[in-house]
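Asker: Quick mapping for you: the protein sequence lines, in order, are chains G and X.
Note that the UniProt record's numbering has the first sequence beginning at 1, numbered continuously upward.
Note that the UniProt record's numbering has the second sequence beginning at 1, numbered continuously upward.
Hints were generated in silico from the structure; no laboratory data involved.
If you're wondering where the values come from, they're calculated on a predicted model, not measured in any experiment.
One thing to keep in mind: the hints can contain errors.
[Unchecked claim] List of simulated lysine-lysine pairs, BS3-like, C-alpha gap at most 30 Å:
1. G:LYS69 / X:LYS122
2. G:LYS82 / X:LYS426
3. X:LYS155 / X:LYS383
4. G:LYS69 / X:LYS239
5. G:LYS69 / X:LYS434
6. G:LYS98 / X:LYS426
7. X:LYS389 / X:LYS155
8. X:LYS66 / X:LYS140
9. G:LYS69 / X:LYS66
10. G:LYS82 / X:LYS140
Chain residues, written in single-letter form:
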Amino acid sequence: MANVTSDAPPLAADRPDDGPPPRRGLLARRGVTSRVPPVIWVLLLVPLAVELFWVFWPAFNSFQLSFTKWNGVGAAQPVGLKNYRTLFADPVFHTAIKNTVIWAIGFGGLSVLIGLALAVALNRPRRGVGIYRSAIYLPMVFSLAVTGLFWRVLYQPDGPINTVLAAIGVDTGEHQWLADPRTALAAILVAAIWRQAGYIMVLYLAGLKGCDPSLEEAAAVDGATAWQRFRFVVMPQLKNVNTVVFAVTVIDSLRTFDIVWAMTRGGPYDSTQLLSTYMYQVGFSLVNLGYGSAIAVVIFVLAIAFIITYLVRATREED
Amino acid sequence: MGPTPFTTPSLSRRNLLLGGAGAASALFLSGCIGGSPAPSTETSSAAGDINAPLTLQSDLSDELPKKAMESLVAGYSAHKLTMNTVATEQFRAQLSSYLTSQNPPDVITWLAGSVARDYAAKGLLLDVSDMWTGDGACAKFSPALKALSSGDDGKQIFVPTSYYWWSIFYRKSAFEEWGVKAPTTWDDFMAMNDTLKTKGISPLTCGTGSTAWMASGWFDYLDLRINGAQFHRELLAGKHSFDSAEVRKVMDTYATLIPYFDPKGRSYSWQEAATPLINKKAGMYLIGAFMTSAFPKGDLDDVDFFPVPTIDPSIPSAEEAPTDGYFASAKTKNPAGTKDLLAYLAAPAQQQAYIEGAGSSNLPTSPDVDTTKFSPLVQKGIKLLQDTKEITQFFNRDSSDALQTTADTALTRFLDHPDDVATILKTWQAAAQKIWNS
């Protein structure tokens, strides 16, 4: 069954959208340098220069800043590793790390599961399926900040959620979802997944469109159950989409900021602090740029580690 | 080998990855790490260009205050003047970059107190001492305001133009309905809390959800009433411990108030917490006079206040009166023009025009403003501040925004778990110590 994947033709529909051909392929071809017209070099080098200046140079600065104490005024004082030592002893940082892990697993895991389930359920053409798909994708058009404000209203003590819960006889105690440290993070998670699941669904729908239905039919003829067909015939064909979804999800969960900031600002008493919100609070609300940069570096290292590990594995399997 | 699985989105995703992870770094682009040291003298700006155009950086971005500022700017003709309005949060974050930039805004709206003093100590603010002497624009302002506007070296670096008071606000008609009167002693106040509670009304409302700093209002006042303004200032300056018997006494009194708070306030912002008060579901609200902006226009006549009652009669009276105004950049190209603009903004006519236009309940700092046309509420506020012995500002303005976050964490936790007070105060002191040491 496993070689089903390698036999499958490369599918344009695997990709969520069409764009320019990958740079990698172009550069990888041997002897290509001599035949590349200068204009191509310009088109390559200009974006590289822009990226170096706008991405790598500030990132490098951030690394440098993390070894200093700087409030944005005057010269930064070098303090060596002090920021990192303080950071690892900082209880809020521990909460933020813990919450970021919970967030990555909860947000990533649930939005992928729900998104995939929705995609499979809504893949077959049926009457009105387009309406469902659009409705589920619709939250994606709101920015996370708007989503946060919208859900904040839903979660208010007298808000719709408590009204509905009281009407069906559950939880009459007017639970304060966002003010209770035990439920605040989960409440934000629900709002974020509500928005993300539609996005993941669209990615998987595109992937499912590229699956060869004859393979599934053949498996059905061979007596494979619905679960076996999904697990061993459809899933391997979704491998490319999985890579994209994984990368998107990890990056989205590590850079989650706006929805938490809009809903709780990391409160009550730092219980919903993520690395990103804590970095913002320290760096920009308190203008403690050295310490904030140290947190930014931790986020950077985490993101890079995740992505590189996964990409290396994915490329190796590809070969 | 087929295309890498990461094909199309790779470019944008990679940018996102690096850009997102190092979100902060993008803003550090200026690359001024270890760059030019802070200017320590003002000599460079002493001889400026009297014809250079002026820039006013304003954080007054709410609709009415912004409009009021625009009409003040339009009325200024001595120099070419441009105003940029930036929302407060962003303004706060960018303030230091405004002041350190090569071409800073000349006049900047901000708060008097520790923040201004810190910038002054770094030599970033224009010395406006001459405006406070002789027939200068601020010469007639009260000595308390002058002290508040002075840097550590005794020079004035701030031009205050308005301030407001904190008190316990209530609706007159609601008190009538419930048959209660504004209390004058602490015992009356506590008795009234009981009365209201038995009527099914939340005696106190306080929005400590998304505006956790509101919890410091009661802390400040209880500390002022129990330990006095002197102790309060020293506490916020790091001369006393939060884990001390004095602060413990404040927290014990605070704990007796907790049962009277509307528990839903934990989810509310300060604006949202005004709704129960407006709807007569809550009785009283300890807050700044800015709360009138959350009130429907038609009900404003119904708003009244009483000061937080005395707890210990041996402690001199004290009220919180946060002060707003302007400071100017030391690097302005046109110091004479800048001072002229500051004098214009601080003049009685402009103070009055701003307060009326902004629809705020702020008080003018100039004694020459004709206050007879102000609402009775504001007149009462003026009298409150005239009669009090000591004036403080607010927790963050008397200390720092960094210390305020430690208070937010400690006090909101305390409101949920008053029994953990010992641990909370210990953690608070440790967090505060870290800030004082840094």
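Asker: Measure nothing beyond the straight line between the CA atoms of X:LYS389 and X:LYS155; if it is 30 Å or shorter, mark the hint as holding.
Answerer: 24 Å, holds
Asker: Within a Cα-Cα threshold of 30 Å, do G:LYS69 and X:LYS122 meet the stated pairing?
Answerer: Distance ~15 Å between G:LYS69 and X:LYS122 Cα, so the pair holds.
Asker: X:LYS66 and X:LYS140: Cα distance at most 30 Å?
Answerer: Measuring from Cα to Cα gives roughly 27 Å; hence the hint holds.
Asker: Are G:LYS98 and X:LYS426 close enough, with their CA atoms no more than 30 Å apart?
Answerer: Roughly 23 Å separates the two Cα atoms, so the pair holds.
Asker: Compare the distance between the alpha carbons of G:LYS69 and X:LYS434 with 30 Å, and conclude whether the hinted pair is satisfied.
Answerer: 14 Å, holds
Asker: Between G:LYS69 and X:LYS66, is the straight-line Cα distance small enough, at 30 Å or below?
Answerer: This hinted pair is violated, its Cα atoms lying about 36 Å apart.
Asker: Assess, step by step, whether the Cα of G:LYS69 is no farther than 30 Å from the Cα of X:LYS239, and give holds or violated.
Answerer: Measuring from Cα to Cα gives roughly 24 Å; hence the hint holds.
Asker: Can the restraint linking G:LYS82 and X:LYS426 be considered satisfied, given a maximum Cα separation of 30 Å?
Answerer: 23 Å, holds
Asker: For the pair we were handed, X:LYS155 and X:LYS383, check the Cα-Cα distance against 30 Å.
Answerer: 29 Å, holds
Asker: Take a quick look at whether G:LYS82 and X:LYS140 sit within 30 Å of each other, Cα to Cα.
Answerer: Roughly 48 Å between the alpha carbons, so the hint for G:LYS82 and X:LYS140 is violated.
In summary, the numbered hints that this structure violates are 9, 10.
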